[in-house]
Amino acid sequence: MFPISQIIKVSNRKFSKNKIRSLFVILPVAFLVMVVFLATSETKSLSKIVEDKIFSFLEDRSKIINLSNTFTSLFSGEDSMEFTDEDLESIKNITNVQSAELLYPAPIKNIKALAVFEDKDISLYEMAGLGLEFAAQYTDKPFEYHEDKPIPIILSMSDFSETYEDWQGKDKIEISYNEDLALGTSEEKPIKRKVIQYEKDELIGKVISIHFGGLEDFPTFKKDYDYNREKVTYTKISKKEIDKKVKDRKESLSKYFDYEKISAEIKFDFVILGIEESRVNRTSYVPKEFADELTRKYFENYNNARNNKKISQNELDNLYQGLERIEGRISKPCSQSEIFLGVDLEGLTPSTGEDQEEYLYYIPGLVTTLPEKSDLPVEYNGKLDLSKEIPVEKNTILIQINDGENREQVLDDLNNMGYEYADLSFTGLFGGIRNVFYKILNFLVAIFMFIGGIIILITMGKFVSDSRKEIGVFRAIGATKNDIRKIFIGQAIYYVFIGYLLGVILGGILMFALSSRIGVSVNNVLGEIIGSVLPFTIEVTWKDFISVDIVRMGVFSLVLFGFTFFVSLIPANNASKVSPIEAIRNE
1433 MFPISQIIKV SNRKFSKNKI RSLFVILPVA FLVMVVFLAT SETKSLSKIV
1483 EDKIFSFLED RSKIINLSNT FTSLFSGEDS MEFTDEDLES IKNITNVQSA
1533 ELLYPAPIKN IKALAVFEDK DISLYEMAGL GLEFAAQYTD KPFEYHEDKP
1583 IPIILSMSDF SETYEDWQGK DKIEISYNED LALGTSEEKP IKRKVIQYEK
1633 DELIGKVISI HFGGLEDFPT FKKDYDYNRE KVTYTKISKK EIDKKVKDRK
1683 ESLSKYFDYE KISAEIKFDF VILGIEESRV NRTSYVPKEF ADELTRKYFE
1733 NYNNARNNKK ISQNELDNLY QGLERIEGRI SKPCSQSEIF LGVDLEGLTP
1783 STGEDQEEYL YYIPGLVTTL PEKSDLPVEY NGKLDLSKEI PVEKNTILIQ
1833 INDGENREQV LDDLNNMGYE YADLSFTGLF GGIRNVFYKI LNFLVAIFMF
1883 IGGIIILITM GKFVSDSRKE IGVFRAIGAT KNDIRKIFIG QAIYYVFIGY
1933 LLGVILGGIL MFALSSRIGV SVNNVLGEII GSVLPFTIEV TWKDFISVDI
1983 VRMGVFSLVL FGFTFFVSLI PANNASKVSP IEAIRNE
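The opening position of the sequence shown corresponds to residue 1433 in the working numbering, with each subsequent residue numbered one higher.
None of these hints come from the bench; they were simulated from the model. All figures in this text were calculated on a predicted structure; none of them were measured in a lab. Note that the Cβ used here is the ideal one computed from N, Cα and C, for glycine as well. Hints are not guaranteed to be accurate.
DEER-style ranges, computed between Cβ atoms [unchecked claim]:
1. 1620 <-> 1989: 17 to 23 Å
2. 1849 <-> 1480: 37 to 43 Å
3. 1517 <-> 1636: 33 to 39 Å
4. 1518 <-> 1679: 31 to 37 Å
5. 1629 <-> 1479: 46 to 52 Å
6. 2001 <-> 1973: 36 to 42 Å
7. 1601 <-> 1883: 27 to 33 Å
8. 1665 <-> 1636: 22 to 28 Å
With the sequences and hints as input, model every part of the structure.
Here's what the structure looks like:
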């Protein structure tokens, strides 16, 4: 019966005698342990960064669902329709829905927020009035409108972007039409969009100026598709051409408007109290009272600029879009002196003949049809009657869930009710990325374990064949077959243990040595990936990558030594079958 101490002494002697050969087991094991130590440690660090700096942010946002009829109609294939009070009540009755609110976006375009980010202005896609209950999700400050104070606003982070041009020294760029181009992500496009990174704490409490209405700037480029839409050509527009367009627009609009008044913007000061960070939602929020006041002010500005000249019936017949956005466009034909109302869709113009020039004049607030409860629209030609309620589109229901964990159940109920909501949140996305990290890690560990097992099997088999005389001596002095098994299993575990310690030490040294470099790389990668979808920075330091995943390393250690035990059974059994007499005689 060989005690453990004796087995260790034998293993020590064999290691001293066969150092080179022992390294064939020790070094691969050390490399495997070092890789697993680093991989589990850094994966844990990355997971903690994602949990603390991304998931915590997403968890709060997962309690809010922005049900827009744009998305519901898009995925259901039906035309967009306004939500009703009945829709609101039905949604409020869904289990785990804490509250719901029907939003009334202000029918205003050309919204510019000045100097939100140092010298950067941003355009706001949409603005809507929000009640106090939902405002509390974004800010703990009073969300109330007072005429003598800056107006509270919750900005949508989806608007935190800037557009810039990169013509690569050319005036014209032709691109093959593909999926990247359709999604606006093509690197070849001369017109590019970049997300603006921000620090939330630096924005909260900041007073900014926002301008509404006025006339839009003319684009500095045009794009043309070939007949089959296989190629698109971007062409830079010169300053001379733009100046001519501005002059033509002034001449055209002056027929129906006081040009100075219709060009004037409405200006208010706002204080940022919160950030809408779901990314799916492109609406910025202000107090409901101010949204109503802003809409009325907007149309007062329109009335003050409008003269009494009637728009001709011929021009009205060319109108495609009426009240939906309470806006219009005017386009100037090359061969005619009249102006025509146009379409509020990029790349489309009204059907006015082959000589139609392909650009439109945007008129904020121009209304030519007002829908009533009847199916037939009422034509309107002149000034708005502001004594009546101005109709607005009810296109969004904001839903608050009592717990983010119930989001999936609420979404299922919404879809079962026919709303066809598509969840575009990022919680599932980053959860999937984290799971992929661990799957890749487990796969690599399995491969290394398999290779290590083969190395142990071959090396220990060689030890058995070279130790036949020693086995014979042990058997001659009374060692049993079981003792011989223990010696060789112990020897294998001894070598693996040395490799394990060496791997942990090397892994720890490398973890400290590479932490700064890894931190820089992760900052760059996360800045690229996260920054493309979430406009905030994730700053990490070397200290964020000094951690040991004790649980995973513990599981790996048990698997490693258990695997070593079972793999070493084969050469150990072969050693126990050696006849002591034959072993001594042969030697």
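**Asked** Per the hint of 31 to 37 Å, is the separation of the Cβ atoms of residue 1518 and residue 1679 within bounds?
**Response** violated (51 Å)
**Hint check for residue 1479 and residue 1629 - Cβ pair distance inside 46 to 52 Å** = At 23 Å between Cβs, range violated.
**Prompt:** Is the gap between the beta carbons of residue 1620 and residue 1989 within 17 to 23 Å?
**Reply:** violated (51 Å)
**Request:** With 27 to 33 Å as the target window, see if residue 1601 and residue 1883 comply at their CB atoms.
**Result:** violated (53 Å)
**Asked** Using the C-beta atoms of residue 1517 and residue 1636, is the stated range 33 to 39 Å upheld?
**Response** holds (34 Å)
**Message:** Quick check: does the Cβ-Cβ distance between residue 2001 and residue 1973 fall within 36 to 42 Å?
**Reply:** Because 47 Å falls outside the window, the suggested range is violated.
**Request:** Mind checking the hinted window 22 to 28 Å against the Cβ distance between residue 1665 and residue 1636?
**Result:** violated (44 Å)
**Request:** Could you tell me whether the CB distance from residue 1849 to residue 1480 stays inside 37 to 43 Å?
**Result:** holds (39 Å)
Taken one by one, the earlier hints fail for this structure at numbers 1, 4, 5, 6, 7, 8, listed in ascending order.
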